[in-house]
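**Student:** Read top to bottom, the protein sequences are chains A and B.
Each residue of the first sequence is one higher than the one before, counting from 1 in this note's numbering.
Each residue of the second sequence is one higher than the one before, counting from 113 in this note's numbering.
This list has only true hints and no planted wrong ones.
Derived pair list, reagent style DSSO-like, types lysine-lysine, alpha-carbon separation capped at 30 angstroms: (1) A:K51 <-> B:K212; (2) B:K167 <-> B:K132; (3) A:K36 <-> B:K153; (4) B:K178 <-> B:K126; (5) B:K212 <-> A:K70; (6) B:K176 <-> B:K132; (7) A:K36 <-> B:K132; (8) A:K51 <-> A:K36; (9) A:K70 <-> B:K153.
For the record, the hints were derived by calculation from the structure and aren't laboratory data.
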Amino acid sequence: GQQLNQSPQSMFIQEGEDVSMNCTSSSIFNTWLWYKQDPGEGPVLLIALYKAGELTSNGRLTAQFGITRKDSFLNISASIPSDVGIYFCAGQFETSGSRLTFGEGTQLTVNP
Amino acid sequence: GAVVSQHPSWVICKSGTSVKIECRSLDFQATTMFWYRQFPKQSLMLMATSNEGSKATYEQGVEKDKFLINHASLTLSTLTVTSAHPEDSSFYICSAKDVKNTGELFFGEGSRLTVL
Numbered sequence: 001g002q003q004l005n006q007s008p009q010s011m012f013i014q015e016g017e018d019v020s021m022n023c024t025s026s027s028i029f030n031t032w033l034w035y036k037q038d039p040g041e042g043p044v045l046l047i048a049l050y051k052a053g054e055l056t057s058n059g060r061l062t063a064q065f066g067i068t069r070k071d072s073f074l075n076i077s078a079s080i081p082s083d084v085g086i087y088f089c090a091g092q093f094e095t096s097g098s099r100l101t102f103g104e105g106t107q108l109t110v111n112p
Numbered sequence: 113g114a115v116v117s118q119h120p121s122w123v124i125c126k127s128g129t130s131v132k133i134e135c136r137s138l139d140f141q142a143t144t145m146f147w148y149r150q151f152p153k154q155s156l157m158l159m160a161t162s163n164e165g166s167k168a169t170y171e172q173g174v175e176k177d178k179f180l181i182n183h184a185s186l187t188l189s190t191l192t193v194t195s196a197h198p199e200d201s202s203f204y205i206c207s208a209k210d211v212k213n214t215g216e217l218f219f220g221e222g223s224r225l226t227v228l
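For reference, chain B alone in the conformation it holds in the complex (with noise of 0.2 angstroms):
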């Protein structure tokens, strides 16, 4: 099946400091991505939808200042964490949409953020 790559799969940082994710699709093109954030033991919530070449949506209650996303081209979209607090240390989780698919999703293996 289509591979979905992020990068990196886990990370520690210092508080105040900022964290970048990417999200790769190695195998297809994706006009679409979609960020989930996953807290230990539990489901996944979708924070924002990324579009190639346009603003993302953000999900209520979701900072967009905060989690800054790009999407500037059709196998990468970047997530970064701004000035991250220990609240945000969490799995952070991407799925990409194959533009030639009827909307079949492919999720990334995760990245998991650490913030002392």
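The following block holds chain A by itself, in its conformation from the complex (with noise of 0.2 angstroms):
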């Protein structure tokens, strides 16, 4: 079952405005990945994690592998329209061999 928590569940926000969210596990993980996912479409990968305490961009995102390797962030920054979509956080542990553990996603809404 899940061992993911993320949150929020959902927001809405204005055009413009910065969106934060995390996700907490009570397993260590040594990889921390995020995803969006459109409606109707598989989930995309938008940062890759590898280590604890990295902190990696990718044009507005910024996400952070927590230094207990059992959290992370995602952060939007200036979010625009087509930032919508559901985003889920997912971990994988060293011997999993890349089976992902997923979060329950967060929808976000952006406002024009």
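Using the hints, put the two standalone chains together into the complex.
**Tutor:** Here you go:
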């Protein structure tokens, strides 16, 4: 079953605002991943984090791998309408053979 | 980036029939593919790990006789939902691991199954 707690469950923001979402786990992961899923499509990788404490940016997106290896956050700056979608965190154990455990998702709505 | 394609993208079938969904890695070889199921407004739940040339590994609670997985080549895995029932209606998503890459996964676009 799910081992990742992702929050918030949903967010409604105005265009231009910054957004932050996070995931916590009771288990240690050696890789954290953040995905975006548009309706009716598969998830698309946004950012991958491989080291505790790592802070990585991809355009307006910034994500960090928590020091304890049990949490991660994703920030989106200056949101735009096309940021709308569901954002998932995913964790990967070292011995899982690439199996991913997904968070519950954060539904983001951006009002123009 | 690498491309993973699923077919069909959507399918409607009658209860009791079987449906096959294909997952292809188009520009890389994948010894391992993963099948997920996603119900509306929920997260992706791993169903099974598909290994090329060997039996799939199923997650706890997933019936292997109902969800048949075949990974006969390095670029194709298939999921067959046998004797489908309305509760099997879901979004099925595959992902593939590039053998030349260190664990990077690529997801297909998903297949929507509706069982009447």
